[in-house]
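Modelling step: build the complete structure from the supplied sequences, incorporating the hints.
As given, the protein sequences belong to chains A and B, one line each in that order.
Each residue of the first sequence is one higher than the one before, counting from 1 in the numbering used here.
Each residue of the second sequence is one higher than the one before, counting from 1 in the numbering used here.
Since the hints were derived computationally from the structure, they do not count as laboratory data.
Since the structure is predicted, the reported quantities are computational estimates derived from the model, not experimental observations.
Treat the hints loosely; a few may be bogus.
Facing chain B, according to a computed beta carbon distance under 8 Å, are these residues of chain A, among others [stated by the list, open to error]:
(1) Tyr73
(2) Val84
(3) Asn90
(4) Asn93
Over the 10 Å line for every Cβ pair with chain B, so calculated as not near, a few chain A residues [what the hints assert, rightly or not]:
(5) Gln55
(6) Thr104
(7) Ile106
Where is the CB? At the ideal position from N, CA and C, for every residue including glycine.
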Amino acid sequence: GIQVEQSPPDLILQEGANSTLRCNFSDSVNNLQWFHQNPWGQLINLFYIPSGTKQNGRLSATTVATERYSLLYISSSQTTDSGVYFCADNTGNQFYFGTGTSLTVIP
Amino acid sequence: DTAVSQTPKYLVTQMGNDKSIKCEQNLGHDTMYWYKQDSKKFLKIMFSYNNKELIINETVPNRFSPKSPDKAHLNLHINSLELGDSAVYFCASADRVVFGTGELFFGEGSRLTVL
Chain A
1 GIQVEQSPPD
11 LILQEGANST
21 LRCNFSDSVN
31 NLQWFHQNPW
41 GQLINLFYIP
51 SGTKQNGRLS
61 ATTVATERYS
71 LLYISSSQTT
81 DSGVYFCADN
91 TGNQFYFGTG
101 TSLTVIP
Chain B
1 DTAVSQTPKY
11 LVTQMGNDKS
21 IKCEQNLGHD
31 TMYWYKQDSK
41 KFLKIMFSYN
51 NKELIINETV
61 PNRFSPKSPD
71 KAHLNLHINS
81 LELGDSAVYF
91 CASADRVVFG
101 TGELFFGEGS
111 RLTVL
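In structure tokens form, the structure reads like this:
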């Protein structure tokens, strides 16, 4: 299966700061997704981004499929951004998840 | 109108009991999944069904039995619960995975605590 590595594993930010989360894959990227697991445990879809760049408010994501990585940018972070961020890709029926980046935004 | 819904959201039960978690999706997706998330947050695939047919059956104890009465529903039954079964169980669904595309959507999770 695909190996997915996320970095950094943990991140603490002051409110208002920017950050970049990275996801590396062992094989070429097919259907990359970014998820946010909020402090209440819900897994929220952030981006479906097999390639290119997308933006949604303060968040944006870039996937370079041929180089097997994706980046998630969080600008002007807010306390509500806290939680765990996962990336995932699938081949056929199977989805492969990273181990997540745990983000804490301090007021 | 929740896309992927699970019930119950919380279960607290004694060791040895049997419990079920139900999942329904109204997205019209063909493929549904059960994931287990332990305390370290890793999402581990358990089962997947495509149009009521079992297509992924990872190494889980046979005390866990999935059942898909139709493509919109995937239930999970757990017999003889053990302490190590305590976790959050997520249902998810995706479309067109067999065609190489597919975006995954999760339910809200069911937190199981075995005492």
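Okay, the hints, checked on the actual structure:
1. For Tyr73/A, the suggested interface contact is broken, since its CB lies about 20 Å from the closest CB of chain B, more than 8 Å.
2. Given the 8 Å rule on beta carbons, the hint for Val84/A holds: about 6 Å separates it from the nearest Cβ of chain B.
3. A least Cβ separation of about 6 Å between Asn90/A and chain B falls short of the 8 Å threshold, and the interface hint therefore holds.
4. For Asn93/A, the interface hint holds, since its Cβ comes within 8 Å of a Cβ in chain B; the closest pair sits about 5 Å apart.
5. Separation of Gln55/A from chain B is adequate, the least Cβ-Cβ distance of about 18 Å exceeding the 10 Å criterion.
6. The Cβ of Thr104/A sits about 14 Å from the closest Cβ of chain B, beyond the 10 Å cut-off, so the non-interface label holds.
7. Look at Ile106/A: its CB is around 20 Å from the nearest CB on chain B, clear of 10 Å, so calling it non-interface holds up.
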